[in-house]
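So the sequences go chain by chain: A and B. Numbering of the first sequence is given in my numbering, commencing with residue 1 and proceeding in unit increments. Numbering of the second sequence is given in my numbering, commencing with residue 1 and proceeding in unit increments.
Hint data in this document are derived by calculation from the structure and do not stem from the laboratory. For glycine and all other residues, C-beta sits at the position ideal for the given N, C-alpha and C. Treat the hints with care, since some could be wrong.
Simulated restraints, written as ranges between beta carbons of each label pair [as the list claims (entries may be wrong)]:
#1 B:S146 to A:R79: 21 to 29 Å
#2 B:E86 to A:C121: 28 to 36 Å
#3 A:Q44 to B:T145: 13 to 21 Å
Listed below are several chain A residues computed to face chain B (Cβ distance under 7 Å; list not exhaustive) [to be verified]:
#4 M1
#5 G73
#6 T76
#7 T85
#8 V116
#9 E126
#10 T132
Number of protein chains: 2
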Amino acid sequence: MDWLEVDTSNCSVQRTLDIVGDRWSLLILREAFNGVRRFDDIAQHLRISQSVLARRLRGLVDASILERSAYRGAGTRTRYEYRLTERGMALFPVITGLMQWGDRYLADEQGGSWNVHHRECGRPVEVVVRCTADLEPLDPLHTRTSPGPSARPVNAHGNGAI
Amino acid sequence: MDWLEVDTSNCSVQRTLDIVGDRWSLLILREAFNGVRRFDDIAQHLRISQSVLARRLRGLVDASILERSAYRGAGTRTRYEYRLTERGMALFPVITGLMQWGDRYLADEQGGSWNVHHRECGRPVEVVVRCTADLEPLDPLHTRTSPGPSARPVNAHGNGAI
DNA sequence: CAGTATCCGGTGCGATACTG
DNA sequence: CAGTATCGCACCGGATACTG
């Protein structure tokens with residue numbers, strides 16, 4: 001089956017974008033990866049309206065990307081925070097990939113406004129697509145695609161609905 | 001400077017999303033990475049309206065992510081195609097990252113609908129964030145962030161405009 | 001084939017006000 | 001602090017018709 005013949009409705013890229021592919025979700029996750037957990041902090045730093053932020057957070061919690069938990073410091077009252085789950089953490093390459101691309105092609109002369117390092121040694125990180133066998137980084141020209149287990153042919157005429 | 005104090009308007013994630021962060025651009029790029037180059041092929045496979053596709057393609061060409069070139073087969077008339085530029089190819093980790101995440105958390109039982117392999121050896125690829133020194137994959141907990149060269153403090157009161 | 005032009009509807013988003 | 005409720009608009013995207 002050729003790529004043009006497969007129905008993209010169950011494509012993983014598409015499904016992922018259905019969850020985080022709006023204008024705000026990935027920026028909220030950027031905040032999360034930088035340790036920002038509180039509603040108000042996110043709202044102010046992002047300059048996003050509260051109503052939209054609330055909706056997006058709900059979406060991300062529903063998708064198990066963030067989890068909402070109450071906590072209270074000594075003597076203070078209860079607060080809430082949004083923390084990355086394992087699923088959320090797994091989006092690290094996506095966010096970092098967007099950042100790396102922006103740093104390379106869109107940043108100001110002197111460089112980007114924020115960096116990510118290896119915690120232990122301090123060296124910068126990079127995002128790569130690599131072969132699972134020899135671990136060598138691969139550019140797209142050294143890759144090939146093929147239909148996977150759940151590939152279905154697109155309905156020949158029309159809109160894909162049965 | 002703390003992350004919450006830096007002005008995010010020149011953040012690379014944000015700038016990248018300003019270009020490819022809409023509902024369609026990354027899906028158009030998915031088509032490009034699968035070798036789809038012709039307007040009509042993209043439109044049909046993606047089920048996107050022609051007007052929107054034309055606008056998005058223009059945006060991607062303006063951003064030097066795709067380039068439009070005319071070509072003609074023997075005896076046929078001139079056609080146009082959209083090809084990934086170097087900048088476009090550099091988005092490979094982003095697309096692949098989205099796909100990897102979807103494969104892991106959103107795909108049907110039996111697996112995803114499409115796979116990416118190393119062209120030479122046939123083994124699947126993976127996307128990782130890794131240390132540029134020891135090349136070990138890093139999850140977010142083993143990383144640290146810090147202000148970069150162009151980090152600016154957010155305007156204390158209000159909207160960041162001077 | 002590869003678009004452009006036009007119209008039109010839904011909704012994403014911001015602003016503001018209000019609440020436990 | 002951490003939201004919800006409501007309103008209004010801009011813009012994104014779909015549908016249709018048209019063009020070189």
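Status of the hints after comparison with the structure:
1. B:S146 to A:R79: 21 to 29 Å: holds, 27 Å
2. B:E86 to A:C121: 28 to 36 Å: Hint holds: Cβ distance 30 Å, inside 28 to 36 Å.
3. A:Q44 to B:T145: 13 to 21 Å: Holds, at about 19 Å.
4. M1: With Cβ-Cβ at 10 Å, over 7 Å, it is violated.
5. G73: violated, 18 Å
6. T76: violated, 19 Å
7. T85: At 10 Å from the nearest chain B Cβ, A:T85 fails the 7 Å test, so the hint is violated.
8. V116: At 5 Å from the nearest chain B Cβ, A:V116 passes the 7 Å test, so the hint holds.
9. E126: A:E126 check passes; min Cβ-Cβ to chain B is 5 Å, inside 7 Å.
10. T132: Given a least distance of 5 Å, the restraint on A:T132 holds.
The earlier numbered hints that this structure contradicts are 4, 5, 6 and 7.
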